[in-house]
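Number of protein chains: 2
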Amino acid sequence: MREKIIAASIELFEQNGFSETSIQDIVDALGVTKGTFYYYFKSKEELLMDIHLRYIEGLLREQQRIINDGRRSVREKLYAIVYMLIHNVERQGRQARIFFREMKHLNEEHLQKVKEKRDLFRYQLQALIEDGMKSGELRRDLSPSIAALTVLGAANWSYHWFRPDGGLTDAEVAKQMITILIDGMGPAS
Amino acid sequence: MREKIIAASIELFEQNGFSETSIQDIVDALGVTKGTFYYYFKSKEELLMDIHLRYIEGLLREQQRIINDGRRSVREKLYAIVYMLIHNVERQGRQARIFFREMKHLNEEHLQKVKEKRDLFRYQLQALIEDGMKSGELRRDLSPSIAALTVLGAANWSYHWFRPDGGLTDAEVAKQMITILIDGMGPAS
Numbered sequence: 001m002r003e004k005i006i007a008a009s010i011e012l013f014e015q016n017g018f019s020e021t022s023i024q025d026i027v028d029a030l031g032v033t034k035g036t037f038y039y040y041f042k043s044k045e046e047l048l049m050d051i052h053l054r055y056i057e058g059l060l061r062e063q064q065r066i067i068n069d070g071r072r073s074v075r076e077k078l079y080a081i082v083y084m085l086i087h088n089v090e091r092q093g094r095q096a097r098i099f100f101r102e103m104k105h106l107n108e109e110h111l112q113k114v115k116e117k118r119d120l121f122r123y124q125l126q127a128l129i130e131d132g133m134k135s136g137e138l139r140r141d142l143s144p145s146i147a148a149l150t151v152l153g154a155a156n157w158s159y160h161w162f163r164p165d166g167g168l169t170d171a172e173v174a175k176q177m178i179t180i181l182i183d184g185m186g187p188a189s
Numbered sequence: 001m002r003e004k005i006i007a008a009s010i011e012l013f014e015q016n017g018f019s020e021t022s023i024q025d026i027v028d029a030l031g032v033t034k035g036t037f038y039y040y041f042k043s044k045e046e047l048l049m050d051i052h053l054r055y056i057e058g059l060l061r062e063q064q065r066i067i068n069d070g071r072r073s074v075r076e077k078l079y080a081i082v083y084m085l086i087h088n089v090e091r092q093g094r095q096a097r098i099f100f101r102e103m104k105h106l107n108e109e110h111l112q113k114v115k116e117k118r119d120l121f122r123y124q125l126q127a128l129i130e131d132g133m134k135s136g137e138l139r140r141d142l143s144p145s146i147a148a149l150t151v152l153g154a155a156n157w158s159y160h161w162f163r164p165d166g167g168l169t170d171a172e173v174a175k176q177m178i179t180i181l182i183d184g185m186g187p188a189s
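Chains A and B, in that order, give the protein sequences. Heads up: the first sequence runs through residues 1 to 189, numbered per the UniProt record's numbering. Heads up: the second sequence runs through residues 1 to 189, numbered per the UniProt record's numbering.
Please note that the accuracy of each hint is not assured.
Any copy, or any two copies together, can satisfy a pair, since identical chains are not distinguished.
[As the list claims (entries may be wrong)] Straight-line Cα separation of at most 30 Å, DSSO-like style, residue types lysine-lysine; simulated pairs:
#1 K44 to K34
#2 K134 to K175
#3 K113 to K44
#4 K44 to K104
#5 K175 to K117
Simulated from the structure, these hints should not be mistaken for laboratory data.
Just chain A, same shape as in the assembly (with noise of 0.2 Å):
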């Protein structure tokens, strides 16, 4: 019931945004009692930091195991890492929305929490730019910062417009968007 409670509140906070959107008409979308969502959720707000914290907590774990992997180079690893976030966004496309447009409604301690594991993910990129650029991977003359910024917002941004029917797979987009940010889009020297 708890996933069903999940799933039934992120359709409906994604048509018609979090704050238009009832415990009453999560639970009569279900056909259950509002005791049946207390038994789950204290409130509404707690149950959108949920829907934040395993959204960000998928995404972290999976970005360590990319990160970890001995056998990948850094190119692999940014491809592999920009393939998961498209990749999310077609899987996942209305948590992603939600993550994105209703973090303001969490309330200051859970606001905290999200913004810690988002950070957390934007300093491992970060650290992994870092790897490549004393291995010789990657130029050294970028701003580690700016480097995954960039990175993260190219990909990010995919929230806004990949389509799973759109003509390119998530896999070919994730290709052209590395060979941009690690090639460039000038003409080959």
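Got chain A sorted already, so can you dock chain B onto it with the hints?
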């Protein structure tokens, strides 16, 4: 007064969200009556559309000016567009955040109007990239559409993280970003 209503609303929408802000909150913040509000705007939603349209129309005018400047190379034009987007986040951070977050509260007709202009911005950027491919300033083996979305994503994402007091200026951030996008993060070959 129209300008004052817009300014006060932007502040309230950013702090509390569009749904949570009432017309009463807006007129209270200005010490005027609801009648004053209705003299300028039919509804809160019409006001939101006004904020959205001003924002995107300003960007479109500036983009057109950059693209039409015959003295600039494609690289310089891309730099100018990325700089404009980041500078705009610095200068008009609130409008930018409302622009990206509160779009779902526009009605269908207004949403279409704003979407058309957003799409125009994207397609003009894409056309610039296609010009660069034709002239040999940019490599030809990339999808111009993915290239445009990668540039847009990198620059627009800055509304999540760019702070004027964050160490690098908007011009320096734009310069590093364009270096990544055109020359790549890979080692000089």
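**Prompt:** Using 30 Å as the alpha-carbon threshold, which applies to K113 and K44: within, between, both, or neither?
**Reply:** within (17 Å within a copy, 33 Å between copies)
**Asked** When no copy is specified for K134 and K175, does a C-alpha distance of 30 Å or less occur within a copy, between copies, both, or neither?
**Response** both (24 Å within a copy, 22 Å between copies)
**Asked** Under a CA distance limit of 30 Å, which applies to K44 and K34: within one copy, between copies, both, or neither?
**Response** Within one copy, since 11 Å is at most 30 Å while 32 Å is not.
**Same-copy or cross-copy closeness of K175 to K117 [CA-CA at most 30 Å]** = So K175 and K117 pass the 30 Å test inside a copy (26 Å) and across (29 Å) alike.
**Message:** As a check of your reading, is K44 near K104 (CA-CA no more than 30 Å) within one copy, between copies, both or neither?
**Reply:** both (14 Å within a copy, 20 Å between copies)
Of the numbered hints given earlier, the model fails none.
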